[in-house]
Amino acid sequence: MNRITKSLSPGLIILYSLAAIALILTIIRFIVGLGPISNLTDGYPWGIWIGIDIMAGIALTAGGMTIAAVVYIFGGEKYRPVLRPALLTAFLGYVLEIVALMVDLGRAIQIWHAIIYWNNDSPMFLVCWCVILYATILAIELAPVIFEEFKMTRMQEIYPRISPWVSIIVVSFFVFLMSNILWGVIALALFSILWLVFRFSLPKGTALVVLIITGVVLSVAHQSSLGMVFLIVPQKLSTLWYSPLLPVDFLITAVAVGCAMVIFESQLSSRVFGFGLETHVIVGLARALIWILALAITFKLVTLIVYTGFVFVATGRQIFYYLVEVIVGLILPFILLLIPRIRQSAKAIFYPATMVVFGVILNRANVGWIGININNYQHYYPNILEILITLGIFSFGILLFYHVCKRFPVFEKGEA
Amino acid sequence: MNNNDQMAFLYDSTKCMGCRGCQVACKQWHELPAEKTRFFAGGADSGYQNPIHLSEHTYTMITFHEVVEDGKLMDWAFWKTQCQHCLEPACASVCLVGAMHKTENGPVVWDSHKCIGCRYCMLACPFNIPKFEWKKVISDIRKCDFCADRIAEGLLPACAKTCATGAILFGKRGELIEIAKERLSKDPEKYYQHIYGLEEAGGTCVLNISNVPLKHLGYPDNVPMEPLEKNTQIDMAAISPAVIGLGAILGVTAFVINRRIELAKTKEKGGQNE
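For the protein sequence lines, the chains are A and B, in the order given.
Quick note on the working numbering: the first sequence kicks off at 1 and runs consecutively.
Quick note on the working numbering: the second sequence kicks off at 1 and runs consecutively.
Bear in mind the hints are in silico, worked out from the structure with no lab data behind them.
Every clue listed holds true.
Below, in silico cross-link-like pairs of lysine-lysine (DSS-like), each with a Cα-Cα straight-line distance of 25 Å or less:
id, chain 1, residue 1, chain 2, residue 2
1, A, Lys78, B, Lys269
2, A, Lys151, A, Lys406
3, B, Lys136, B, Lys36
4, A, Lys78, B, Lys265
5, A, Lys78, B, Lys267
I would like the entire structure built from these sequences, with the hints used as guidance.
Below is the structure:
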């Protein structure tokens, strides 16, 4: 243990410094305003903070939804060891999104207005409520970790009885918000029936299925809603990325990066914490990743052909970034994973997984600002201060993950 | 209210002499400060006007463009850029707190008390109109508000009131469309035969006519002819059914698979007992 902490300290020092720099820059941002500290303009009001911190950040959390679905819904019991780390990543991702939003919003002080003023025509309204409600569900999904650590037996007892009802209320409220009371009642009825069916036909271990389903549904809505946000700008976003099916594309790539991120993380955390994951879990994830990548590549190609017929509205720079995204982020890792020697080695799988993570981050940057064309305004590129704030927020996230894992039984087997 | 009963502008660039009285009147009425400008900062592409772009301090502005055809300078033309006050504004549809909204008689206005500063309206606007107070700590969205306060008192909007040549007409949208059509048909040689704002972005409350295509003068040439909201509406309407459908599918799947695992387990146990 001593050896591990010693060998890690340079990494921790870098993370702490990056987080500290970002904190100082954030304080400066709240003194001088957004203009002086960023390259954002009236032409390009959204930049790296929306593209990377929020859009890519949320995509990287999709492992939580994917693994939860695999374990609880599709019976993939062998993946249980990666469930808690994946859920924790997801929860911290949502905490960080709110931190990042506070930096980016022009009137951060009024962020809570999103709760009281409703406009359910807006994709951003959908995004906002997905964040609030899915973060709540993630917190409930992770709560047993805290109960276990502090031996709260009373809470452990009532947890399986209360949490399904909370999730039923959450999902019905969500549906009501997005449409009307009628749909809300239908959701309430459906999820209540599901809960009763599970309750009386399945063993106690699966009492949480309704909670997990709610989480998956909200996460699916959230991942695709981030693509929906850009449906309003068909004439601004390059046709390399824009299509009416952008939300579906976002969902597929989110599931891909969710798997990749679990592989990526488990390799890193096994190095840091010394908990090695069984090879067959990693290999199983890699096999799933192959299929998802195949789907993502096909989907991209088909939508590109159908909606553009290979006539693009794009600059040279945009074509370059598109190719990097598709080749490095999707096609190369797909080919690498097809090679049995790579697919069957937990160590080698790390590299294609990393490429997928890179590719999806680049994809969100592409949709967020690189692919946007505004007449008569100089194209946006992030300046060093914006990049430092982004790095700092991600460092803060890694530090949180590290400390929570050290303190709580995240990497142990158990009911999550 | 019927679209054609909404209050609207008709800007006729052939009547405009580029005096920028409207620009000054707008600044006076809204008490907007001056901006530091530089000659020819925008160049031929963005236009020779000052400042180059609208901003939080400039809600309307006359753009100055050279119209060049076959390498020859054909004309020196103007366009009044400002919020077009769409009939179905994209900015209002995407505002999650409903701060940006369309009023019944035409103006698209915003309520800073509600705004959280996400700047989605700026991204969504096909005319790139909403601007942001970049240098403030708590920033506001700013744009032309159609002088909604003046209209409510029965006054003309500041720019229309001050216009010396009658290039800016103010009135009911339906009546202004008739005037525009009449001008176009009476003088087909003089006018480029298109009323900008009749269908752009689903129709706007600012109508523009000119002797040259407005794309030469800064009017975005890629504005879709239907409300942009249509692109998000279908997906937003699909959310509730999708959530319920997915919930049902996942529920049934979970039931079937877990039930099967359960049966396998009891079978195993039974086998051991025997």
